[in-house]
Structure formats: C-alpha cells, structure tokens
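**Q** One-letter residues, chain by chain:
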Amino acid sequence: DAGVIQSPRHEVTEMGQEVTLRCKPISGHNSLFWYRQTMMRGLELLIYFNNNVPIDDSGMPEDRFSAKMPNASFSTLKIQPSEPRDSAVYFCASSSRTDYGYTFGSGTRLTVV
Amino acid sequence: GQQVMQIPQYQHVQEGEDFTTYCNSSTTLSNIQWYKQRPGGHPVFLIQLVKSGEVKKQKRLTFQFGEAKKNSSLHITATQTTDVGTYFCEPNDYKLSFGAGTTVTVRA
Numbered sequence: 068d069a070g071v072i073q074s075p076r077h078e079v080t081e082m083g084q085e086v087t088l089r090c091k092p093i094s095g096h097n098s099l100f101w102y103r104q105t106m107m108r109g110l111e112l113l114i115y116f117n118n119n120v121p122i123d124d125s126g127m128p129e130d131r132f133s134a135k136m137p138n139a140s141f142s143t144l145k146i147q148p149s150e151p152r153d154s155a156v157y158f159c160a161s162s163s164r165t166d167y168g169y170t171f172g173s174g175t176r177l178t179v180v
Numbered sequence: 064g065q066q067v068m069q070i071p072q073y074q075h076v077q078e079g080e081d082f083t084t085y086c087n088s089s090t091t092l093s094n095i096q097w098y099k100q101r102p103g104g105h106p107v108f109l110i111q112l113v114k115s116g117e118v119k120k121q122k123r124l125t126f127q128f129g130e131a132k133k134n135s136s137l138h139i140t141a142t143q144t145t146d147v148g149t150y151f152c153e154p155n156d157y158k159l160s161f162g163a164g165t166t167v168t169v170r171a
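Chains as they are written, first to last, in our numbering: chain A, 68 to 180; chain B, 64 to 171.
It should be emphasised that the hints constitute simulated quantities derived from the structure, not laboratory data.
Some clues are possibly wrong.
[Stated by the list, open to error] Result set (DSBU-like, lysine-lysine): computed pairs, CA atoms no more than 30 Å apart in a straight line:
#1 Lys133/B with Lys99/B
#2 Lys114/B with Lys132/B
#3 Lys99/B with Lys135/A
#4 Lys145/A with Lys99/B
#5 Lys99/B with Lys120/B
#6 Lys122/B with Lys99/B
#7 Lys135/A with Lys91/A
#8 Lys114/B with Lys133/B
#9 Lys99/B with Lys91/A
Using the sequences plus the hints, can you model the full thing?
**A** What follows is the structure, encoded as structure tokens:
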C-alpha cells in the first residue's frame, strides 16, 4: 500500500497564477479530506468528501479555492488566483470510515511569491 | 469550527523524564483520536479512544479518555529523542478542528 499520494511535494508560484494540488487516496477509502497547515492557524479542514461527494466545504477560505473528486482515486484542490497568504502546507487525508483514523499524505508545500 | 483545547502548547522535556499532554473539550465527544507529527512531516494516526474511562498503551505511550468523555490525555514515560514532534488530539468529528497540538522538544 503506497499510502495517500500527493503531488507536487513543493510548489512555488507567482501571485495571480493558478495552482492545482493533487491527491490519490488509499484504495478502498471512501472519505477524503483536504487540510491546510500554517504556523498561525494550525491544521484547518478545508473540505470533506464522502464517496466522491463534497459533504462540507465550509472551511474553504473563499471562492478562489475549489476542490473536485471526479472518482474514488483522485482529487484536486485548485487555487485561482493564488495569493501570498495562501502559502502553507496542504495535506490530503483519507479514511475508510469517518469515525476512525485518517491517513495523511506527505503534503504539498505551497509558496506564493 | 469548534476546537478542542490542548495544554501545554509547548513541552520541553529532559531525556528520560515523563510528561503528559491534555486535550479538553466543552462538549461530550463520541471518541477521540491522537496523532503525531514529526518536524517537517505529516500527521500520523496513533490511536482512537471510544469508551468512557478507556486506557490504551503503546509501549511508552499511555492514552486515556475521561469518564465524561470530555477530555483525554497522553502520557509518555522515559522520554526519548524519537518522541520529538507535535502531538494532536482530534475529536473525530470533521466539523471539529484538530487541537493546536503540544510541541515536544527533548534535551539530551
């Protein structure tokens, strides 16, 4: 089992550019979460999918952020346009049940300059 | 979203000593999970507690869930340098955020 796979590991982009982060959850896991981690705000839940359907996106900061899960094995988090305050580590996590431990990916460190 | 409170925020421990970190909620929790994040790494699931008063052990780590299911603790005995990192509790409700974590540093 390769675990939760995120790409890219690092992304440096200029303000105003579109950024797409990718996640492949563990096969068989039906819950997928996108988190953002910063020193100031800690780990924040952005959006939660269950069986590919977005259940709660109340954590998405603003309309510049969007997330999709077209199938059970792939999800994307897109920021358009990106801003320096979006700089953070973005984690994807998956779980076989919402009431058990999540497996996190290694994260994408995003820097917007 | 609502967040559990973790104390202390930072814990500086002499190698070989014991310490405890606490996780407190104002509401009753269905269960609680603990994670460890090494510096530069990602959170790794450690354990889930479900029952009132439950105690679980993993080698030198002892996890406890309060009788009222509103608090939890993690006790580490004989701290080692490998224990360095941030320990998070998570109330196992996606609507509730991870706690801010307890960041542990170890003096050799």
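**Q** Taking the earlier hints as the rules, which of them does this structure contradict?
**A** Nothing - there is no hint that the structure violates, so all of them hold.
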